[in-house]
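Participant: So you can see what is in the structure, the chains are spelled out below.
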Amino acid sequence: MAKVIVITSGKGGVGKTTTSASFASGLALKGFKTVVVDFDIGLRNLDLIMGCERRVVYDFVNVVQGEATLHQALIKDKNCDNLYILAASQTKDKEALTQDGVGNVIDELSKDFDYIVCDSPAGIERGSFLALYFADEAIVVTNPEVSSVRDSDRILGILSSKSKRAVEGKSKIKAHLLVTRYNPERVENGEMLSVKDIEDILRIPLIGVIPESTDVLQASNTGVPAINLKETIVSEAYWDVIGRFLGEDKELRFVNAPRKGFFQRIFGGGN
Amino acid sequence: MVIRNNVKFTHASFEYYVLHIGLATDLSQVESKLIDFIGSSNHKENIVLSFDDDLNLESITKIVAAISKITIKLKIQLHSILENRVIHDDKILNFPVINFPKSSKKPEVLFNKTLIINEPIRSGMRIINDGDIVVTSFVSNGAEVIATGNIHIYGELKGKAIAGSAGDKSAKIFALKFTPELISIGGIYRAIDTKIPENLLNNAVMVSLDDKSRLSIVAVKI
Ligand SMILES: Nc1ncnc2c1ncn2[C@@H]1O[C@H](COP(=O)(O)OP(=O)(O)OP(=O)(O)O)[C@@H](O)[C@H]1O
Ligand SMILES: [Mg+2]
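These protein sequences, in sequence, are chains U and Y. Heads up: the first sequence is residues 202 to 472, going by our numbering. Heads up: the second sequence is residues 28 to 249, going by our numbering.
Because the hints were derived from the structure by calculation, they are not lab data. All C-beta atoms, glycine included, are put in the ideal place defined by N, C-alpha and C. Some clues are possibly wrong.
Unchecked claim - The following label-pair restraints were derived from C-beta to C-beta distances:
#, chain 1, residue 1, chain 2, residue 2, range
1, U, Gln273, Y, Arg153, 39 to 49 angstroms
2, Y, Thr206, U, Asn305, 41 to 51 angstroms
3, U, Ser362, Y, Leu228, 23 to 33 angstroms
4, Y, Leu209, U, Lys373, 47 to 57 angstroms
5, U, Glu309, Y, Ile223, 47 to 57 angstroms
6, U, Glu296, Y, Arg112, 38 to 48 angstroms
7, U, Glu386, Y, Asn229, 22 to 32 angstroms
8, U, Gln273, Y, Arg112, 55 to 65 angstroms
9, U, Lys373, Y, Asp220, 47 to 57 angstroms
Bound conformation, chain Y alone (with noise of 0.2 angstroms):
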């Protein structure tokens, strides 16, 4: 049994489920699989299906049915299914097919292909990733690191860190040390030109927006 990449992504306050089939995808424990994988979840609806290049588009629509089955037996929901290069059409078995995150006309969805990154990030540099960005080293002053999911820094964060940068306002920054020149989340920003808070200084931390969409910034225990 293949289900890879079986990720959680977020856009605004909906949670997504992507559930990706291969080829060596066993389909009968993929009911298992998506209880497993809703868990407690609130939103039952939003199960969104992605499927290996390498299948055929017939094959596609056989899983696509088959799991349907599966979901009205749960009663949860499949929202859509992700474009690949073998799927062009809108819908397959009336369930729309949605593109990311290319395309803004449709609701903005954000998959996590994680970026990983094992040097510094230099003044100088600007690294972008659609999706999450990992650094396992210090991000230098004069330095830029925008990511359209998550930051996390394994180490001094000194530069500009800016998550969401696509609008997605649950978006994070973390970092074991804090000294940024900037940070911004979905959009907000905030030039940081004053000193850090002494709670903050030698603390791992986390940025994120509240719930009036103003920055903030706590240190996490580590």
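Next comes chain U alone, as it looks inside the complex (with noise of 0.2 angstroms):
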């Protein structure tokens, strides 16, 4: 049986995307097999972030809806031979999806997969709602803002009241608090909340804290995730998560400014 993870957060733009890529190719590469599934159906981004975006022949609609199998459907990811994505359709729209056609895909998947990634749309309609129905656990992005924060409140509130889980009176799903595009700067000036404000406030344990890099854009544009970018610190950051996400015990980095003395130390020579 597979396990279920909705990579969500209410609010838009934060990070999911990013994070399912990444999170779902660490996990391919630590050898399990994986598959991620994009539910931000007539947006389509997942594929240009996985570089496989000229591949979609068949996308998540068609198989909902009967028009293509699963095996027709599913993409080999071009680096990993642990790692598939089903695409979402660009054309079709949101009310494609049917929760009772999403969960026979789900069953389906759940045969051949160890991790089935469910990448969220923003908001708190129908299609986030069928992104998170099926979950096992959840990764909530939030940005180290009150608007996002806010949003992942909501979107926890509704992982522990709405899902299958809640509904059928099963155990709670897991939820982990994932801080995506930090920048310590601003956090120390004041600017933004700080990792202990947006776990005082959504008091779910942290996976990680993934800082604000331009190599994020790179990535993307590159068609690579973010967490295949060698000898980054984004990279390292969701390494990091998939550690602590198979139980390894793991610091927390990048989240303080360098300090001044730092780069004396690196470049300040004989004084």
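Starting from two chains that each stand alone, build the complex the way the hints lay out.
Facilitator: In structure tokens:
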């Protein structure tokens, strides 16, 4: 049986798709058979970030509507044998997904995969509801600003009251907090919330902090998940997330602004 | 002897005592129970009886007769009988049958069926109960807790708390940490957009209406 993990946030543009791509790649590179499913019907950008947009023939909606088999629609990642992508449809409307249809696809995928990563659209409407409904665990992606934290709180409420596990009275969805686009300097200047502020409000366990970095843009432009950008702190931070998810004890990194003395120590030479 | 849910419930300045009687209730102990129950209360006319659904009308009538004898002896008075699935008449032995809480024709009676919630109330969630609400966690900004009775928050209250929502001005709000967006008791509202006074910020707090129907917030020593 696969474990279903939703990457969700409520607020748009916080880094869900970036995280879905990196998280799924990381799990696959660790040897787990992983599929990442794009629930953002009508927008479709997971396949761009995964660099497979030209290979999308059939998509999630085609499968739900019985126009293609799952086998036909799954796209194998170009770099990693364990990783598959189920793309969203760019043309169909958002109502194309039904709860039963999605449930059938999840059941089918469960037979073959270890992890099913669901990239949720923004908002709290149907699309994001369907993305989280079948989840066993959730990664709640949050930016260090009040509106994003508020939306994450809202999503946590929906996870604990409207998801399949909640409705059926099963054990609760395990929710992890992932803070992304974190800029320690701006936090220290008081322009943004700190990790501690966010943890105090949401009170769910922290699985990682991804710093703000221009490397992410470069990654998505080249169709490579950010976790695969060697020797960048974004990649390191995503690897820490994978480690913690798999139960390793990893100290939190990249949350403090570099001290002045830091550069002096490196470049200051003999003084 | 099983007398369960013997609760005190309040309407405006009255206090009612609900004596619940089930199949297993031993009537010979009702007298001492009533004495305990009333204690030193001034409202000796406010006993309300409630019955389990599995008692039939015939036995309910017998029990009412027996208890009314006891109350006469104790110089207290039965106020009324609560409606249930078995009791449909307007009266039983001249005691009015009251239905709560749906009717507003009769005096608004609030029965403390407490709703206990053991998880955070998050933004966008709204918890409503006819009776008290106890939250053993926190209430986020943008969340609402609405009770016809009292509200107890064993965590931080950051959202909205509306107690006595059906008009009970004696309802109260308790919170271990108090930074709400809005509080209301018995229809009197206050949005809190200013800073909470220092002495309340890090203390447990009780909110109630004073005798002029103004919201009063006091620190509670814990
Ligand atoms: N750690 C980061 N540092 C800098 N930019 C980032 C970071 N993470 C994401 N971004 C940028 O933020 C934008 C939104 O990212 P992404 O598409 O992953 O968000 P999303 O939550 O999936 O958005 P949507 O709600 O529209 O689906 C993109 O331009 C992306 O490059
Ligand atoms: Mg996205």
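Participant: For every hint, state whether the structure bears it out.
Facilitator: Here's how the hints hold up against the structure:
1. Taking the beta carbon of each, glutamine 273 of chain U and arginine 153 of chain Y are about 44 angstroms apart, inside 39 to 49 angstroms as hinted.
2. Between threonine 206 of chain Y and asparagine 305 of chain U, the C-beta spacing of about 46 angstroms keeps the proposed range 41 to 51 angstroms intact.
3. With their beta carbons about 30 angstroms apart, serine 362 of chain U and leucine 228 of chain Y fall inside the hinted range of 23 to 33 angstroms.
4. Checked against the hint of 47 to 57 angstroms, the C-beta distance between leucine 209 of chain Y and lysine 373 of chain U comes to roughly 29 angstroms, which is inconsistent with it.
5. Hint check: glutamate 309 of chain U to isoleucine 223 of chain Y, Cβ distance near 53 angstroms, so the stated range 47 to 57 angstroms holds.
6. A beta carbon spacing of about 43 angstroms between glutamate 296 of chain U and arginine 112 of chain Y agrees with the range 38 to 48 angstroms that was offered as a hint.
7. A C-beta distance of roughly 31 angstroms is found between glutamate 386 of chain U and asparagine 229 of chain Y, which places it inside the suggested range of 22 to 32 angstroms.
8. Range check, glutamine 273 of chain U to arginine 112 of chain Y: Cβ separation about 58 angstroms, and the 55 to 65 angstroms hint holds.
9. Distance hint for lysine 373 of chain U and aspartate 220 of chain Y: a CB-CB separation of about 34 angstroms, inconsistent with the stated range 47 to 57 angstroms.
The earlier numbered hints that this structure contradicts are 4 and 9.
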